Amino acid sequence: MMSKLSLGGKQSSGKINNWVEPSFGELLGGVSRSLKKGPLSGESKTAEKKSRKRKVDPYVSDNQITVSSEANNPDQDEPWVDIHAPQSQAELAVHKKKVEEVESWLRVHLDKSKKGGAILLLTGPSGCGKTATVQVLAKELGFQVQEWSNPSTTSQYKTEDLFTQSFDPDSRFNRFHGSSQTGLFQEFLLRANKYSRLRMSGETWTEDRKIILIEEFPNQFYRQPGCLHDILRQFIKCGRCPLVLIVSDSLSGDKNSRLLFKDVLQELGIHNISFNPVAPTSMMKVLSRIVTIEAVKSSGRISVPDKAALDLLCSGSSGDIRSAINSLQFSSFTDNSLERRLWASKKGKSSSAKPAVKAKGRSKSSKSKDMQDESPAIGGKDASLFLFRALGKILYCKRESYEGTQAPKLPPHLTDHQRDRLLVDPELVIERSHMSGEFFNLYLHQNYPDFFSDVEDIAQASEYLSDADFLTAEWSSRSTMLEYGSSVATRGLMHSNSSRAQANSQSTAGFKPLHKPHWLHINKTYRENYQTAQSLFLSFCLTPVSLLTEMVPYLAKLTNPMRNQAQIAFIQNFGHLSQKRVTGRLRLEALGDKDPGILDADSENEDSCAAQSLDPGTTQANATTESNLPNSQDPSGELSASQPQPTSTEALLDEEDLLIEEYDSD
Amino acid sequence: MDCVATGANVKVLAKAIHSLSRIGEELYLEPVDDGLALRSVNSSRSAFASFQLSPLFFQRYQAPTDQSFRCKMPIKSVQAVFKSLSSLERSVEKCRIQLNSEKSRLTITLHCKHGLLKTHNLSFQDCESLQAVFDKESCTNVLQAQPRLMVDTVLHFPPSLEEVNLSVSSDRVWLRNHVEDDADSSRAMMTELCLSSEEFDHFAISSQTSITFCLKELRGLLGFAESSCLPISMYFDEPGSPVILNVTDSVLEANFVLATLSEDSHSKNHVNSNTKRPDAEQPPDDFMSDDMDSFLIAMETSELPGPSHVPTSPLQPINNRKHSASDDEEEEALAERPPNKKFCSLFFGSVLPTPSLTNQTIQSQEVLASDSEDENQTETS
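Read top to bottom, the protein sequences are chains A and B.
The first sequence begins at -5 in my numbering and counts up by one.
The second sequence begins at 20 in my numbering and counts up by one.
Be a bit skeptical, because a hint or two may be false.
As the list claims (entries may be wrong) - On the chain B side, residues computed to face chain A include the following (Cβ under 8 Å):
| hint | residue |
| --- | --- |
| 1 | Glu44 |
| 2 | Pro177 |
| 3 | Ser179 |
| 4 | Leu180 |
| 5 | Glu181 |
| 6 | Asn184 |
| 7 | Cys233 |
| 8 | Leu234 |
| 9 | Ala278 |
| 10 | Leu280 |
| 11 | Ser281 |
The set of hints was computed from the structure by calculation and includes no laboratory data.
Bear in mind the structure is a predicted one, so any value in this text is a computation, not a measurement.
Glycine included, every Cβ here is placed at the ideal spot set by N, Cα and C.
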């Protein structure tokens, strides 16, 4: 049974490999192409690095691309990001100052012969040319790049059983030598740091200077960054060559580099250079060069896209040049049967988008709608929106006027609901902001009053926000209703704003600042207070809500002296529920242009549970206030309630007798 | 490609693959007319291993028609085929390796006893040829030893040790663990072994030198050489040049190329020259530790036979040791070295509980007694 299952798995994996290879993998034709042209050393390096890389690395290839009609068929299967990798600084799509900054750092630290390692950290979004810059500088300055790639651990084989059964009793020397990824990484760093590379046959590269390049980190480091910090500290002590770390930013911020290196950047002297997304002008230049080369090479077999299509690719990739080149390669093939089927399927997707547009009840689509529909068809990258822009799209809801005869007619008693057509799709905006709907609603709730000019509109908008909150009240269906709640909130806000009902209506004030939700600050204060209360009053074993709303106010009413100093201070600070209103204006934190809307350390579920637990707390607080009145009227009841507690704490706090005087003074 | 290995050669093939798994993650396979080449290289490109199996190694060998064929595959998947080495020789009668070009599969079939047939289909990936550039004839220093000597030497180092230092002079070899200069010397444990030139089958040292290399890759070769009982040859040059370890048979040749630690600045050479001076003075310390070992063994053996004859003989070594100790203290004025040596000898004495190991130590005692005689002769002359 197991052998049959394993054979089936292998066959299915073989089939998948056969399908994937014509586009990206290496074929026998590719090997023959390498034998026909190009040096063996370059091809061997390319093969080695490709095999170790899990993802397609566009800038590792050392091949010299020569236009040759004989080798058209093998070139067709190579990714263009590998064929057209930049060979010099002029071809890099990176800003000149960034390249000079990296080059100067490498020049300084490659020529120094003193002991002690130097670490350079390159950050930036994916596809902005970080690795390409290092590879091009390695070629121009003349040093080797030794690169770590995570070993592919085949979980199909049980390593424990494998090493146990491989024990050889004849040999006293054979021991179990299984090693984790962290151990392998440490061994690699030791050997790459101190020992020079062996010379392989076919290699003409005899440079003795080198750098260590790390792009993939073992998974253990994301869970425990301390392991990586210890290894880097050891490297700093006895390093002989520079270490370059490349970390790509994630969509919702720079979590990866901050998670790994936020503690040790100053301690280890790590130099950080952050890259920006590729500028559209540079990307247009690169794409035009690639199109020109491929058009000459294919001699008419590839459809040459025009400038409008290239503009569309540039805007769709949002600074990711790898994504742009891959999209260009896919959209340029016309005669290959496999690519034709892929393109036909994409056309099918684009044709299916149009009935959706018709189903929305719109008779005509505008240019922007065409652009939005067309970019997923080419295979463009999902464009992510910063939180500032996402909120702006909802709050400054832009509309366009209908044609004269196309406007839907409303009855006279509903004319106040007359609205022009929306230019923004709110569900798409929330999806691109990479935030949960609830969190997005918090920001909307904080910022929407500034954008309304009528109190009636604000009342209607708050009604919609309350409906959105009510939709997610039932915990069993919250995961399903979250999307509907955010749709109700966003569309309700846009509909309620009567000052923006017409497309040609001019907004009175141009720019309005946005703020972060005050709920975040309140929630943080609440969390700190109940954690303090829990640590101080651990013996009561109460839930946070009961502890803060019942026990602490009740203890404030008592004159029980059996408390330590910290508990007394906490009771005096938080135990008295004052009736005073908080005067003064709330100081709100401004939301900047590039703020990623970082969640706190707590998860979203904890936030929502904590938020919901606040509501019954207020009700219980009122009940507690009412129940306190008969206690004060009945002194015998108060004495009977306080009697068990002194017996439990009297043995532990005999020294607290002196505190009676303090209460008497009060 | 089609090759069939029978009998004990299957185990040799399995041991070769296990040795290569110590080097790197991938196995490079290259069948040519004069045999099958198995190679591996580690991720930092500082260690390379190659096994060349001639057609005589196989019962039947047929090279592929495509001379440029070469492939690589994860070494763990090949290792899974040859697991349970202890029962491999008893159960497997024949091993057949075939190449299926149509399906891109490498088929390894194990013909076991009772008609049992195990078939493994491994997928591979085309690649370029992998071959390190090294020249054994150009190395100035050559050592050849039996694997048992090397294994006994390396066993003294803990498995967690990364680097080992090999120093040679005209008649002696020192093997010690390499500790980084920045490390705290009080925390590190220094282990050093001294081997005389008579221990080696072949000893050709033209210049005194000292090389440092990683021990993990060396253990891979020693495991293979010990099981096959073939002598190990070491070819090395100055620091920075790779060391070549070679195991040769009539049908088999294995080459391990390990990069050595290069010394960049001149100050390190100065430090190295300073460290070489204590090397010349260390033989007397080694004899002290040897005497301590012999004394401990004499104490242990005195319990087994008649006790009336033995107590008289330990008295004389004690007197000799006292005189030699006082002489060494007056001559060298090195207060730190004798305690370390005594501690090492006491430690190794407590480490050896098994009687078989004690017997082996007795054998080593017999060998080392001649060294003490040589020292006495030199002292008298």
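Ascending list of hint numbers which this structure does not respect:
2, 3, 4, 6, 8
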